[in-house]
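Colleague: For reference, the chains in residue letters:
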Amino acid sequence: MADLSQALFNASYQGSHPRTDPRRLIKDREIERIAEEFGISRNEAEIAALEAEIVPARYVRNMAALDCKDQISLLKSRVVIIGLGGLGGYVAQTLARSGVGSLVLVDGDVFEQTNLNRQAFSTIRTLGENKAEAALEKIRKMNPSVNLEWEGVFLDKDNAGPILKGADVIMDCLGGLDNRALLQQAAHDLEIPLVSAALAGFTGHVTVVFPGDQGLFSGMGPDGNSSGEGVETDLGCPCPPVMLAASIQCSEAIKVLTNKGKPLQNKLLAFDLQDNTFQVFDLS
Amino acid sequence: MSLEIQLKLFATLAKFTPPDPDHFPIEEGETAAQVLERLNVPLKEVKLVFIDGVRKDLDWVLKGGERVGIFPPVGGG
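Chains A and B are the protein sequences, given in the same order.
Per full-length UniProt numbering: the first sequence = residues 1 to 284.
Per full-length UniProt numbering: the second sequence = residues 1 to 77.
In short, the hints are calculated from the structure, not lab data.
Model, not experiment: these values are computed from the prediction.
We put the beta carbon where it would ideally sit given N, CA and C, even for glycine.
Be a bit skeptical, because a hint or two may be false.
[As the list claims (entries may be wrong)] Distance ranges between label pairs, derived from CB positions: (1) A:265 x B:64: 42 to 52 Å; (2) B:53 x A:64: 29 to 39 Å; (3) A:166 x B:3: 47 to 57 Å; (4) B:43 x A:259: 38 to 48 Å; (5) A:117 x B:54: 54 to 64 Å; (6) A:127 x B:31: 47 to 57 Å; (7) B:37 x A:109: 53 to 63 Å; (8) A:65 x B:34: 40 to 50 Å; (9) B:38 x A:282: 24 to 34 Å; (10) A:162 x B:65: 49 to 59 Å; (11) B:15 x A:239: 17 to 27 Å; (12) B:61 x A:218: 23 to 33 Å.
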């Protein structure tokens with residue numbers, strides 16, 4: 001390990017800005033080289049660097065907002081993202097850029113033309129491709145240090161356990177009400193915090209469900225059951241509220257993973273971008 | 001003294017918003033459900049009721065002066 005620390009130090013350089021880059025930094029290509037030389041993953045090499053107070057340059061603008069310890073917590077975290085459509089695309093991208101160490105991308109759907117208005121990884125080239133697989137290819141280019149897995153399936157009560165097991169946080173990025181209650185129950189059973197967001201038109205809301213909390217989606221369906229369509233069918237899903245809700249979801253996930261700030265536990269942050277209403281409601 | 005509430009109807013329910021939602025008059029002892037029925041809001045489309053920011057049921061009795069927030073089922077992503 002002394003050799004690894006020495007190699008990381010030798011490959012590092014002094015940050016040039018006295019206020020924003022006070023530490024020694026290390027570039028991506030040096031992380032890659034050292035990981036290969038020592039037979040470890042890039043993720044492990046980044047953790048070793050931060051433990052030696054050498055900051056991978058790609059995370060230096062996280063610093064001050066997050067410290068080395070927080071960044072290490074993120075790098076050691078595993079997050080499962082259920083749904084890689086509107087919410088899930090921006091969530092995956094944001095968590096990968098933030099340096100969450102392992103991401104599991106889960107979606108059984110393929111990209112189609114009607115996704116192009118809002119879904120981050122839908123492009124002319126990815127039409128017809130599985131959403132989770134297409135997302136994985138793009139995320140690898142944004143941050144090759146993230147350990148990535150994908151599952152081309154829709155969540156159901158049989159596969160939920162194996163897919164979600166071992167996650168530090170689960171991101172509910174589903175579209176429609178179907179499966180949201182199922183996901184909430186599975187997260188509860190596995191005792192994993194769940195960050196949920198939902199949208200309709202310019203309205204959206206986000207909440208964090210910790211094990212034992214009542215949560216949001218049971219009985220939400222049109223007939224008092226827990227599935228069916230919400231009013232997004234009437235109001236559509238334009239892009240700006242989707243990006244906003246995804247961004248709030250990621251901020252919540254980072255707070256939970258680093259044990260910082262006040263997460264939206266038993267709270268519902270709701271917004272209406274038509275009249276710029278932002279309110280936090282109490283769910284307990 | 002006339003009683004009033006501050007009413008915010010979200011998403012599809014916004015179309016039932018009265019002309020002056022920040023000063024909507026109510027009767028003494030009126031429930032959230034009764035207020036919404038007066039505005040022709042279909043109650044089966046109401047999934048979340050917040051009174052002064054706290055989740056309550058539709059049969060919550062209003063006293064006047066409350067902030068009332070109402071949501072239909074929102075599930076898009």
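Colleague: Hint by hint, say whether it matches the structure.
Modeller: Evaluation of the provided hints:
| no. | hint | in the structure |
| --- | --- | --- |
| 1 | A:265 x B:64: 42 to 52 Å | violated (31 Å) |
| 2 | B:53 x A:64: 29 to 39 Å | holds (32 Å) |
| 3 | A:166 x B:3: 47 to 57 Å | holds (54 Å) |
| 4 | B:43 x A:259: 38 to 48 Å | holds (41 Å) |
| 5 | A:117 x B:54: 54 to 64 Å | violated (36 Å) |
| 6 | A:127 x B:31: 47 to 57 Å | holds (50 Å) |
| 7 | B:37 x A:109: 53 to 63 Å | violated (39 Å) |
| 8 | A:65 x B:34: 40 to 50 Å | holds (48 Å) |
| 9 | B:38 x A:282: 24 to 34 Å | holds (26 Å) |
| 10 | A:162 x B:65: 49 to 59 Å | holds (52 Å) |
| 11 | B:15 x A:239: 17 to 27 Å | holds (23 Å) |
| 12 | B:61 x A:218: 23 to 33 Å | holds (25 Å) |
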